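The primary structure of each chain is shown beneath.
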Amino acid sequence: MTEIVLEARHASRILPGEVPVTLVSDISLAINHSEFVSIVGPSGSGKSSLMYLLGLLDVPTAGDIFIDGQATKALNEDRRAFLRLSHLGFVFQFHFLLPEFSARDNVMLPMRALGRLSEAKQKERAEDLLAQVGLKDHAHKRPDQLSGGQRQRVAIARALANDPQIILADEPTGNLDTASSAQVLAMLRHLVDEHRKALVIVTHDLELAAKADRRVTLIDGKIVADERIAQLAGVAG
Amino acid sequence: MMLVFDIALTHVRSRLRQTLVGILGVATGVGFSVMMASLMEGSQHDFIKQLVDALPHISVTDDRRVPPQQPAETAYDAVDYRSLTVETQRRGIKNPFAIMAALEGWLPGMVAPSVQTKSIIRYAGRDLAVSVIGIDPRREKKVSQLVTQMKAGSLDDLYKASNAIILGDGLAAKLGIRIGNNITVTATGGQVIRAQVVGLFHAGVKSLDESQAYVLVKTAQILSAQTGLINELRIRADDAMKARELASLVEAQTGYRATSWQEAHEDLMSAFQIRNVIMLMVVGAILLVASFGTYNIISTITHEKTRDIAILKSLGFREDVVRRIFVLEGMIIGLAGVLLGWLFGYALCLGLGLVEFKSGFTDATRLPLLYSPRHYAIAGGVALFASMLAGYLPARKAASVHPVDIIRGAS
Numbered sequence: 001m002t003e004i005v006l007e008a009r010h011a012s013r014i015l016p017g018e019v020p021v022t023l024v025s026d027i028s029l030a031i032n033h034s035e036f037v038s039i040v041g042p043s044g045s046g047k048s049s050l051m052y053l054l055g056l057l058d059v060p061t062a063g064d065i066f067i068d069g070q071a072t073k074a075l076n077e078d079r080r081a082f083l084r085l086s087h088l089g090f091v092f093q094f095h096f097l098l099p100e101f102s103a104r105d106n107v108m109l110p111m112r113a114l115g116r117l118s119e120a121k122q123k124e125r126a127e128d129l130l131a132q133v134g135l136k137d138h139a140h141k142r143p144d145q146l147s148g149g150q151r152q153r154v155a156i157a158r159a160l161a162n163d164p165q166i167i168l169a170d171e172p173t174g175n176l177d178t179a180s181s182a183q184v185l186a187m188l189r190h191l192v193d194e195h196r197k198a199l200v201i202v203t204h205d206l207e208l209a210a211k212a213d214r215r216v217t218l219i220d221g222k223i224v225a226d227e228r229i230a231q232l233a234g235v236a237g
Numbered sequence: 238m239m240l241v242f243d244i245a246l247t248h249v250r251s252r253l254r255q256t257l258v259g260i261l262g263v264a265t266g267v268g269f270s271v272m273m274a275s276l277m278e279g280s281q282h283d284f285i286k287q288l289v290d291a292l293p294h295i296s297v298t299d300d301r302r303v304p305p306q307q308p309a310e311t312a313y314d315a316v317d318y319r320s321l322t323v324e325t326q327r328r329g330i331k332n333p334f335a336i337m338a339a340l341e342g343w344l345p346g347m348v349a350p351s352v353q354t355k356s357i358i359r360y361a362g363r364d365l366a367v368s369v370i371g372i373d374p375r376r377e378k379k380v381s382q383l384v385t386q387m388k389a390g391s392l393d394d395l396y397k398a399s400n401a402i403i404l405g406d407g408l409a410a411k412l413g414i415r416i417g418n419n420i421t422v423t424a425t426g427g428q429v430i431r432a433q434v435v436g437l438f439h440a441g442v443k444s445l446d447e448s449q450a451y452v453l454v455k456t457a458q459i460l461s462a463q464t465g466l467i468n469e470l471r472i473r474a475d476d477a478m479k480a481r482e483l484a485s486l487v488e489a490q491t492g493y494r495a496t497s498w499q500e501a502h503e504d505l506m507s508a509f510q511i512r513n514v515i516m517l518m519v520v521g522a523i524l525l526v527a528s529f530g531t532y533n534i535i536s537t538i539t540h541e542k543t544r545d546i547a548i549l550k551s552l553g554f555r556e557d558v559v560r561r562i563f564v565l566e567g568m569i570i571g572l573a574g575v576l577l578g579w580l581f582g583y584a585l586c587l588g589l590g591l592v593e594f595k596s597g598f599t600d601a602t603r604l605p606l607l608y609s610p611r612h613y614a615i616a617g618g619v620a621l622f623a624s625m626l627a628g629y630l631p632a633r634k635a636a637s638v639h640p641v642d643i644i645r646g647a648s
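Here the protein sequences line up with chains A and B, keeping their order. For what it's worth, the numbering used here labels the leading residue of the first sequence as 1, then goes sequentially. For what it's worth, the numbering used here labels the leading residue of the second sequence as 238, then goes sequentially.
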């Protein structure tokens with residue numbers, strides 16, 4: 001099945017000013033269900049900018065972003081916020097957990113904001129998600145009582161809180177040691193294989209990018225390559 | 238809403254010391270506002286009460302708001318009149334007892350006749366100008382607090398001597414007069430009587446205690462050189478606060494000028510109004526200054542929590558939800574401050590109530606305080622509103638944070 005869940009159509013983002021800065025230019029990219037896409041490129045190539053556009057954190061100056069076939073550019077900020085809450089999950093390089101909240105409360109945040117589940121169900125789901133990322137016994141701990149890898153795993157659990165179709169991860173292993181990186185990566189892979197999520201990772205790490213199904217290379221804000229990893233492996237083989 | 242409250246509470250707890258300072262700031266503002274309002278209104282009420290007790294609520298006198306027209310004015314259609322011999326009107330209220338009976342038929346209160354004269358009291362070679370009021374003791378008891386204000390003697394003692402007189406204690410003290418002394422009373426028309434002092438009263442208002450004296454109606458009529466004269470009807474309304482409305486009805490019915498105690502002290506009432514405006518401004522300023530503390534705290538929190546705001550917004554929290562978090566933080570500080578301030582204000586009032594105080598104007602021995610829930614409600618309401626506003630301004634800024642700017646900066 002190749003159902004498109006996230007799509008950029010001729011999307012550009014230009015920062016206005018005396019000398020306008022082009023972050024990304026004319027990006028067209030379609031991401032399907034159960035697809036693991038890595039976006040790679042040198043620093044300043046526009047990887048993160050593209051992710052912010054795909055994650056509806058930023059608005060393209062030209063073109064549009066489609067979530068489940070729905071154009072988003074014309075939507076107001078409240079509607080875009082709702083789509084972020086219900087359709088998208090974010091994992092950033094820095095865990096970005098609320099420091100005063102426990103791991104469980106952090107995971108519950110998106111569920112509480114969406115309000116679809118009762119409080120009991122929210123707690124149950126948060127604990128279940130923390131168990132899935134191996135932090136069953138750390139639910140009550142605050143972020144400062146967890147290691148870097150554990151925090152990132154809490155962030156992954158939080159990204160899954162509202163069962164979104166799409167997970168967007170910006171350098172998710174960028175701050176982790178090798179062992180923690182491997183754990184996080186395995187978890188992300190699991191999301192695609194078992195939970196049929198579409199996963200988009202922005203990374204410098206070519207080794208991490210190689211674990212994806214598809215690799216999109218950006219240079220100077222433009223897609224210069226969009227390749228299937230299996231094809232690359234075949235070429236290499 | 239619970240989520241917003243949880244986040245807000247977590248934020249204010251994370252800056253506990255600053256939050257406590259903010260709460261204390263609001264509490265101090267509210268406490269002093271309550272105390273000030275209580276003191277200001279208390280003194281106003283106390284003063285008005287003394288006035289109301291000391292004077293008739295409504296005074297119907299034998300003059301009219303518009304001077305009566307002269308016969309020539311009604312007879313001739315002229316622009317102006319010169320050297321007109323005016324018609325002399327007989328002093329006093331016509332048919333006073335018929336008017337009293339008519340008023341008592343509908344008026345919620347009591348009516349008593351009196352004769353107002355201006356006289357000079359002479360004793361031991363000293364003279365003092367006074368108002369001598371002729372009263373009917375039996376009726377007077379129903380329209381004034383004179384009975385309860387008697388320091389020595391009683392109203393009925395006026396019947397015990399041929400020209401008995403009751404003086405204000407201040408007046409007696411000035412001239413060195415004691416009960417039983419005989420004094421000379423000289424009316425402005427020249428009539429002179431020898432009167433025996435049979436009582437002293439103390440109204441509590443210095444100006445009255447030093448310038449008023451009571452005699453029987455008959456004695457006052459002798460001083461006025463007019464038998465049967467009644468030039469004032471003294472009315473005590475069941476509800477003193479309705480005196481103004483009743484006075485206009487009485488005036489419409491009788492045609493005579495009816496002056497309520499409010500009208501008689503219009504200048505004082507205006508002064509009270511100005512005083513209240515000043516009080517409200519000072520109270521407002523106190524609470525405004527207190528809200529600066531809240532503004533400072535919320536601003537600091539929003540500055541410190543910029544990253545959290547970016548996280549919440551990236552997760553999908555709407556701008557208005559973020560704004561509500563910080564407004565609520567202001568209100569949490571405000572509410573805690575208001576509750577504490579109410580206790581503080583009450584304690585201040587209790588403390589002030591114990592302070593001994595002597596006024597030259599009235600004889601209150603303690604600071605007059607008025608305990609009213611209205612003071613607490615107003616101070617609390619204004620403080621909460623100011624706190625909400627103090628939270629809103631930084632909240633608006635916080636809600637406009639663009640998550641991408643923060644996320645980029647962090648990475």
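Hints may be right or wrong, so weigh each one.
Unchecked claim - Under the rule of at most 25 Å between Cα atoms (straight-line distance), these lysine to any residue pairs were calculated in the SDA-like manner: (1) K121/A with M239/B; (2) K211/A with S43/A; (3) K634/B with L15/A.
Unchecked claim - A few chain A residues facing chain B, derived, Cβ under 7 Å: (4) Y52; (5) L75; (6) R84; (7) F90; (8) E100.
Just so you know, the hints here were simulated from the structure itself, not pulled from any lab data. None of these values were measured; they are calculated from a predicted model. Backbone N, C-alpha and C define an ideal beta-carbon position, used for all residues, glycine too.
Hints versus structure:
{"no.": "1", "hint": "K121/A with M239/B", "result": "16 Å, holds"}
{"no.": "2", "hint": "K211/A with S43/A", "result": "21 Å, holds"}
{"no.": "3", "hint": "K634/B with L15/A", "result": "22 Å, holds"}
{"no.": "4", "hint": "Y52", "result": "5 Å, holds"}
{"no.": "5", "hint": "L75", "result": "13 Å, violated"}
{"no.": "6", "hint": "R84", "result": "4 Å, holds"}
{"no.": "7", "hint": "F90", "result": "6 Å, holds"}
{"no.": "8", "hint": "E100", "result": "4 Å, holds"}
Comparing the model with each numbered hint stated earlier shows that hint 5 is the single one that does not hold.
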